[in-house]
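Participant: Residue numbers (the numbering used here), protein chains in the order written: chain A, 1 to 478; chain B, 1001 to 1114; chain C, 2001 to 2417.
I should point out that these hints are in silico values taken from the structure, not numbers from a laboratory. Here the structure is a predicted model, which means the values were calculated and not measured. Incorrect hints may have been included.
Just some of the chain C residues that point at chain B, by a computed CB distance under 10 Å [unchecked claim]:
1) Glu-2036
2) Gly-2038
3) Asn-2047
4) Thr-2059
5) Glu-2147
6) Leu-2173
7) Thr-2177
8) Met-2192
9) Asn-2194
10) Gln-2200
11) Asp-2403
12) Gly-2407
13) Thr-2409
Derived PhoX-like pairs (lysine-lysine); straight-line CA-CA distance at most 20 Å [what the hints assert, rightly or not]:
14) B:Lys-1072 x B:Lys-1038
15) C:Lys-2415 x C:Lys-2383
16) C:Lys-2023 x B:Lys-1011
17) A:Lys-474 x C:Lys-2153
18) A:Lys-22 x A:Lys-55
19) A:Lys-22 x A:Lys-383
20) A:Lys-361 x A:Lys-350
21) A:Lys-361 x A:Lys-372
22) A:Lys-473 x C:Lys-2153
23) A:Lys-22 x A:Lys-372
24) C:Lys-2324 x B:Lys-1011
25) C:Lys-2400 x C:Lys-2363
26) C:Lys-2324 x C:Lys-2023
27) B:Lys-1011 x C:Lys-2383
28) C:Lys-2322 x C:Lys-2363
29) B:Lys-1038 x B:Lys-1002
30) C:Lys-2100 x A:Lys-383
31) C:Lys-2324 x C:Lys-2363
A virtual CB, placed ideally from N, CA and C, is assigned to each residue, including glycine.
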Amino acid sequence: MIDVAIIGCGVIGAAAAFELSKYQASVVILEKENDIAMGATRANSAIIHAGYDPKPGTLMARLNVQGNAMTEQLCRDLDVPFSRIGSFVLAFSAQEAKTVQTLYERGVQNGVPGLQVLSGDEVRQMDPLVSPEVVCALYAPSAGIITPWEYALALAETAVRNGAELRRSTRVTGISKIEGGYRIETNREPVEARYVINAAGVYSDQIHDMVAPHAFTVIPSKGEYYVMDKSECYRARHVLFQCPNEAGKGVLITPTMDHNLLVGPNAENVDEPQHPSNTARGMAFVREKAARTMPSLTYRAAIRNFAGIRANTDIGDFQISIAAEHFIDLAGIKSPGLSSAPAIALEAVKLLKECGFAPEKKEHPVTTRRKKRFRFMSEEERKAAVSENPLYGRVICRCETVTEGEIVDAIHSPIPPCSVDGVKRRAGSGMGRCQGGFCGPRVVDILSRELGISPLCVLQDGEGSFILMEETKKEAQA
Amino acid sequence: MKELVCIVCPKGCRLHVDEENGFAVTGNSCPRGAAYGKNEIQNPTRVLTSTVKITGGAYRRCPVKTDAAVPKGRLMDVMRALNEVEIQSPVSIGQVVLADVAGTGANVVVTKAL
Amino acid sequence: MYDLIVIGGGPAGLAAANSAWQKGLRRILIVERDKELGGILNQCIHNGFGLHRFKEELTGPEYAARFIEMLNSTGVEVMLDTMVLEINDQRQVHVISAEKGYQVLEARSIVLSMGCRERTRGAIGIPGDRPAGVFTAGSAQRYLNLEGYMVGKRVVILGSGDIGLIMARRMTLEGATVLACVELMPYSGGLMRNIVQCLQDWGIPLYLSHTITDIQSQNGRVSHVTVQKLDENRNPIPGTNLEFDCDTVLLSVGLIPENELTRAAGIEMDPRTNGAVVYENMETSVPGIFACGNVVHVHDLVDYVSAESERAGAAAAEFVLKGKREGTALTVQNGADVGYTVPQKIRVSDVEKAADLFFRVRKVFRDSVIEVRSGDELLLSFKRDHMAPGEMEHILLPRKILDQARGDTLTVSAKEA
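Extracted from the complex, chain A is given alone in its bound form:
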């Protein structure tokens, strides 16, 4: 029997695994997809919120502010791209100016550092393309941007290096109470664990219901986005929010850590959370709303659309509690979940301890990680990298300047990718303006070579997403 089983390896499961892997305890992470961070973590606004949004007194308020504060050091330790660029909540009317004031007060109550209400002109001085109609804004200097899948990967990889075991393509089908813990049935081998953490994102209500009376319902909400070419990154220097409404934080415009510009999301409740798709309606909504923030914005340099799913619930807060004996819910983690992740992980450990979990800390757990990113290297660093490993001299993704060295390193990383998009999330290849048109076939080739599999078996992304159908000239083989 293992000590702790974590169900779900999004950023929350990964953060919990990272924290637990510092203890002398056996940890298994069960992930239904063939890679980690395949749900809400892979497709969101990539913001570390300051924490003025949640109502004071909620878990969301406390964990957001705490998580935000923890993120900087964590990202430095784990080599995750993060930058505290600050955010604005823009007000376009006297009514919205009141909302901004309310948010300011909430933020102060929540303990958000450095909040200021700035005039429209002050905002435009700091972010010149913001609409002339903006009358004032809440400025939150502690808000930041992050690469969310890299964040989850860094946490999960470090957990794995500390001995945690990640089982991918392993879907939980049932949980039963056994002597001293739980037996978790999956589509593969069952797992027996003393403690269970439910970090199953949009499926966290279903996992909860396997062991405890129904307590909350996830209402999956879909958000659609545009990603723009690097040539557009200059348009926003800060995260530009509009005033929040019932549906969420509204359409934002923000630079990303890869120097793209991100625009979105809308918010739409959906029944089927598995494959959120883009719709003409949703994309039009995003364009219409974003134009309010930045009238000069155009979509000529769009390079990708995506849609993400958020685990909204019918309760107003995160569901973080002991759901049953030895069973912790880290459930219904909607926005600001990404911002709160490291604080939620500490919360999980605290709750486990309340349940009787009492292992010693490891003497020297791994808590740091370094990654080579050719595109961010100086000339001298590039020279050194290529002389150390010639594969760092072969550029595979020319849009993002990702080398074969980085791709091969990614394929042999602690959580090896099994798809072209898995490589993309780790190395950055295919993220750019040609969207893998050029490097895709080359990455297929490298994956096939390094994994010793036929190119026909290489996936684009999730299970079943085969790229190639068959060989030509088959008869000649027969």
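Chain A is already provided as a structure; the job is to place chains B and C on it using the hints.
Facilitator: Same frame as chain A, now just chains B and C:
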């Protein structure tokens, strides 16, 4: 009178072929167009380009073509014949990999040195 | 120090290097990121290349081989598998390769011949799922022709650009079913001969003024697309749905000149072509840096790429051997229904006999006239019985006509006769 677009060159001349008048062609801007129009109505033919398996080369397939146009209706027969071909690097441009393919009289030749 | 560094060893770079050699330059280097010369021609195994240049119909690899053979008889140096990371207006070229590491090379002149890339799904915002099975036509072509893999069995093609049309035939020949070719515009973006021999020959329907409005998936792979007819404003018309069960979508929705190096070097760009602004000799706004081929504007025929690139190579040689051109320039402006022109600037005093001018019209014309004006004065006109946006137009502007231009602009326009 039949109307068709000439495919001999990218210009795309609109040809008129008079079937009742010895397949006389008008609308062409070169003699090759006239020949194409006449032929296209009576016995349309195409040069086929495809690939064959190659071992030992930089790629897994070697591009080839028929060295003469073959009847349009026979293109799939030629493709089937190509499935049986497997060549060994090195090969050079113009090298015949299949003579008189599918009885069309055309040879299949290599179009890239590999 | 090189006399000339050519960035990109596709058809443009090959022709430029050859021509510069013929004009007397000796220290010439081609930097190519792929493992062989020839660029995209290597995967364009179909025929139709070289009718202008060689008066015979060649396949892509054969056309490339002709230029590579010419190059082999020169002393032009080639670096393969080498990526250019940066160029600057001091004509320094930063390159990296697995073999030779990071190097900073210097040149008296540079020719930019990086070609273009394909427009993607993200650039045109097709709604729907994002499964495997959506390819740009060129990626699918590479898999099929070089690597021997079929990307799918039931295919819908969006866009009627030439690569898409060529792939419709190639996939059909290899046993796939191409269900439809769907074109947003009311006319095809490809050459008429390709519509005939790639679609009509194989009974593949072409839907003009249609687009894909939804992509659905099963198990991570494309399973279905919805196509709708568009009104004059390109909005889908309800109730015009065509439904296709398919496993693959190929995109042939345009090419974009690959100018990241150009922009980073501070060279003036033309938003109409997405390429550098060039003079009559293909020189960019930075003296001694020239550009040619699809990196300047997207061509339909490689023969024209070669011709343009030979001019660029010759001009680089002239720059190195004789010094820079100093003449004042006329700016060529778009008149009615002309989308862009290349060159954008002509230094009349440097034109020997005539200046080549390339452009595209914005709509389909039957009997029509191309007019070249200086102010209100008509300098020159050319008759055409057919013009289309998918077909690049070429006119020659004789020096003696250019000498008549007043002011500093020249306007090229198209109209019905």
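Participant: Against each hint, give a clear statement of whether it holds in the structure.
Facilitator: Outcome of the hint check:
{"no.": "1", "hint": "Glu-2036", "verdict": "7 Å, holds"}
{"no.": "2", "hint": "Gly-2038", "verdict": "9 Å, holds"}
{"no.": "3", "hint": "Asn-2047", "verdict": "5 Å, holds"}
{"no.": "4", "hint": "Thr-2059", "verdict": "4 Å, holds"}
{"no.": "5", "hint": "Glu-2147", "verdict": "6 Å, holds"}
{"no.": "6", "hint": "Leu-2173", "verdict": "5 Å, holds"}
{"no.": "7", "hint": "Thr-2177", "verdict": "13 Å, violated"}
{"no.": "8", "hint": "Met-2192", "verdict": "3 Å, holds"}
{"no.": "9", "hint": "Asn-2194", "verdict": "8 Å, holds"}
{"no.": "10", "hint": "Gln-2200", "verdict": "9 Å, holds"}
{"no.": "11", "hint": "Asp-2403", "verdict": "32 Å, violated"}
{"no.": "12", "hint": "Gly-2407", "verdict": "35 Å, violated"}
{"no.": "13", "hint": "Thr-2409", "verdict": "31 Å, violated"}
{"no.": "14", "hint": "B:Lys-1072 x B:Lys-1038", "verdict": "15 Å, holds"}
{"no.": "15", "hint": "C:Lys-2415 x C:Lys-2383", "verdict": "10 Å, holds"}
{"no.": "16", "hint": "C:Lys-2023 x B:Lys-1011", "verdict": "32 Å, violated"}
{"no.": "17", "hint": "A:Lys-474 x C:Lys-2153", "verdict": "14 Å, holds"}
{"no.": "18", "hint": "A:Lys-22 x A:Lys-55", "verdict": "32 Å, violated"}
{"no.": "19", "hint": "A:Lys-22 x A:Lys-383", "verdict": "36 Å, violated"}
{"no.": "20", "hint": "A:Lys-361 x A:Lys-350", "verdict": "14 Å, holds"}
{"no.": "21", "hint": "A:Lys-361 x A:Lys-372", "verdict": "30 Å, violated"}
{"no.": "22", "hint": "A:Lys-473 x C:Lys-2153", "verdict": "14 Å, holds"}
{"no.": "23", "hint": "A:Lys-22 x A:Lys-372", "verdict": "25 Å, violated"}
{"no.": "24", "hint": "C:Lys-2324 x B:Lys-1011", "verdict": "37 Å, violated"}
{"no.": "25", "hint": "C:Lys-2400 x C:Lys-2363", "verdict": "31 Å, violated"}
{"no.": "26", "hint": "C:Lys-2324 x C:Lys-2023", "verdict": "16 Å, holds"}
{"no.": "27", "hint": "B:Lys-1011 x C:Lys-2383", "verdict": "15 Å, holds"}
{"no.": "28", "hint": "C:Lys-2322 x C:Lys-2363", "verdict": "42 Å, violated"}
{"no.": "29", "hint": "B:Lys-1038 x B:Lys-1002", "verdict": "10 Å, holds"}
{"no.": "30", "hint": "C:Lys-2100 x A:Lys-383", "verdict": "10 Å, holds"}
{"no.": "31", "hint": "C:Lys-2324 x C:Lys-2363", "verdict": "38 Å, violated"}
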